[in-house]
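Chains A and B are the protein sequences, given in the same order. One rule links them: number in our numbering = place in the first sequence (from 1) + 1. One rule links them: number in our numbering = place in the second sequence (from 1) + 292.
Bear in mind the hints are in silico, worked out from the structure with no lab data behind them. Beta carbons: idealized from backbone N, C-alpha and C, even for Gly. Possibly wrong hints are sitting among the right ones.
[Said to hold, decoys possible] Footprint (simulated), chain B over chain A, 3 or more residues, beta carbon under 8 Å:
1) 94–100
2) 108–122
[Unchecked claim] Partial selection, computed: residues in chain A whose CB lies under 8 Å from chain B:
3) Ile72
4) Leu73
5) Thr74
6) Arg105
7) Tyr125
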Amino acid sequence: MITMEHVCKSYKIAKRNAGFGEALKALFHREYEVIRALDNVTFTIGDGEMVGYIGPNGAGKSSTIKILSGILTPDHGTVLVDGRVPYKDRIRHVQEIGVVFGQRSQLWWDVPVIDSFELLKDIYSITEPLYRQSLEELTELLNLTELLRSPARQLSLGQRMRCEIAASLLHRPQILFLDEPTIGLDAVSKLAVRDFILKQNQTHGTTVILTTHDMQDIEALASRIILIGKGRILMDGTLNDIKRGGENIDETVAELYRTYDI
Amino acid sequence: MKKYLSFFRLRFTMGLQYRAAALGGITTQFAWGFMEIMIFAAFHRADASAFPMSFSATASYLWLQQAFLALFAVWMMENEIFDTIINGDIAYEMCRPVSVYRMWFARSIATRLSRAVLRSFPILIVAAFLPHPYGLAAPASLKHFILFLVTLVLGLLMTVSLCMLVYILAFFTISPAGLRLIFDSASDFFAGALIPLPFFPEKMQRIMELLPFASMQNVPLRIYGGSMSSYEMKRAVFLQVFWLAAITFAGNALCHLAQKRVTVQGG
Chain A
2 MITMEHVCKS
12 YKIAKRNAGF
22 GEALKALFHR
32 EYEVIRALDN
42 VTFTIGDGEM
52 VGYIGPNGAG
62 KSSTIKILSG
72 ILTPDHGTVL
82 VDGRVPYKDR
92 IRHVQEIGVV
102 FGQRSQLWWD
112 VPVIDSFELL
122 KDIYSITEPL
132 YRQSLEELTE
142 LLNLTELLRS
152 PARQLSLGQR
162 MRCEIAASLL
172 HRPQILFLDE
182 PTIGLDAVSK
192 LAVRDFILKQ
202 NQTHGTTVIL
212 TTHDMQDIEA
222 LASRIILIGK
232 GRILMDGTLN
242 DIKRGGENID
252 ETVAELYRTY
262 DI
Chain B
293 MKKYLSFFRL
303 RFTMGLQYRA
313 AALGGITTQF
323 AWGFMEIMIF
333 AAFHRADASA
343 FPMSFSATAS
353 YLWLQQAFLA
363 LFAVWMMENE
373 IFDTIINGDI
383 AYEMCRPVSV
393 YRMWFARSIA
403 TRLSRAVLRS
413 FPILIVAAFL
423 PHPYGLAAPA
433 SLKHFILFLV
443 TLVLGLLMTV
453 SLCMLVYILA
463 FFTISPAGLR
473 LIFDSASDFF
483 AGALIPLPFF
493 PEKMQRIMEL
503 LPFASMQNVP
513 LRIYGGSMSS
523 YEMKRAVFLQ
533 VFWLAAITFA
543 GNALCHLAQK
553 RVTVQGG
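Generate coordinates for the entire structure from the input sequences, incorporating the hints supplied.
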């Protein structure tokens, strides 16, 4: 179970105008702006839920995921994931979670994918039989048989993403954080990824928190939606709460953002 | 422990792939070695009495330095690590149930060792066959050789520990440019990579020998040639162990602080 209560996080951003003169001035006097990335964020997610975490760019979605993964420390508030404080108990916490950052790569660039997997097996201390089982299941469901012996740098984005998702699930985490997992993927890969995540939730009861701008991902996967804007939780409900008749889902969401002025 | 050995193994085997780079490195190291021997030979001809150690010991020092450059060159830092800090890929490294410090430490040792394995043998073999006193002489004695090997390992660990400090500081500064400028030049100068420490004025040498930089290549290379007294050798080894412990401890502590205070780049 995941609980966030009154979580706040601010970033100090150094700002300056363009131009050489301004750059010189900035050598001596830095102007900072404090951005409230998270403002009193509160929600609870139960085991086995599939939650879509949506909001415009800069709303605070990635900051939330980073805090829940334990790699960012909030300024205020309490965070509990299965009874642990993520950023305080980092090593024990990350052992139990899986993370996919869509815009980053976790596979070693120059070695075959299977080498990265074997390394992860050792990092997460997965026993050999469990590893074999996970690998077989993931290879079959995500169609990785031909990809395992190629170096990651020679895979297409869709192929790499499938491997990345497999890599995050090798250690059978109960909680999965997906930060834009389908970004840049073609239609076939997107469907494969969505289908796979759905199956994981159905067979293993994996709790899934999905951050995405692709509303079809949300439609396919999320039973519950949490809307965040300018650091604040604005809505916590279901897709039906925001759908309006035959309108295109992206238009609905855009209208939603406009209504909340975010 | 198994996790870090896996890192080491993976990184080591990866490093062995880069044969063209190794060839380039060997060529450069030969060029530098010959050039430095000639420079010191010229100085020796001008005034042999000014030399703090025999010319043969100096030549051995220079050849060993070139052969083991990959082990001791502080400037050969892992650019990938700096990149992951700048672009935020560090997020994944921190999402692993491993100590980031130990992981990078194992990785650095692996990279340096795999580079050294490829590059050192050609240089050592050729230098051994060069005419005396321009080549690599035999070690001063068996005891000296064993102590040389021990301090070689300590020197490697010390070098990696110092590099780790720079990586961790980069957590705070994000861009490593300033840090590297300072550390690269300072380490080369104070470690005896440009000019062996005994060639410095005595007062300077005494201070420099107490700094952590002198605990990297300075100790093993001088022990090999037998130019240190028994007391000096004992002191040098003690300082190596001391600085290794101190800098590793500081790096580890800073790493914990960094993970708490630092923001991962990118949304």
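Results of checking the hints against the structure:
For the segment 94–100 of chain A, the assignment as covered by chain B holds, since 4 residues bring a beta-carbon within under 8 Å of that chain's beta-carbons and 3 suffice. Against chain B, the segment 108–122 of chain A contributes 6 residues with a C-beta closer than 8 Å to a partner C-beta. That satisfies the three-residue criterion, and the hint holds. Of the supplied interface hints, the one on isoleucine 72(A) holds, with its beta-carbon coming within about 4 Å of a beta-carbon of chain B, less than 8 Å. Taken as an interface hint, leucine 73(A) checks out: its beta carbon lies about 6 Å from the nearest beta carbon of chain B, inside 8 Å.
Taking 8 Å as the C-beta contact cut-off toward chain B, the hint placing threonine 74(A) at the interface holds, the least distance being around 5 Å. Given the 8 Å rule on beta carbons, the hint for arginine 105(A) holds: about 5 Å separates it from the nearest Cβ of chain B. The beta carbon of tyrosine 125(A) comes within 6 Å of a beta carbon in chain B, closer than 8 Å, and the hint placing it at the interface holds.
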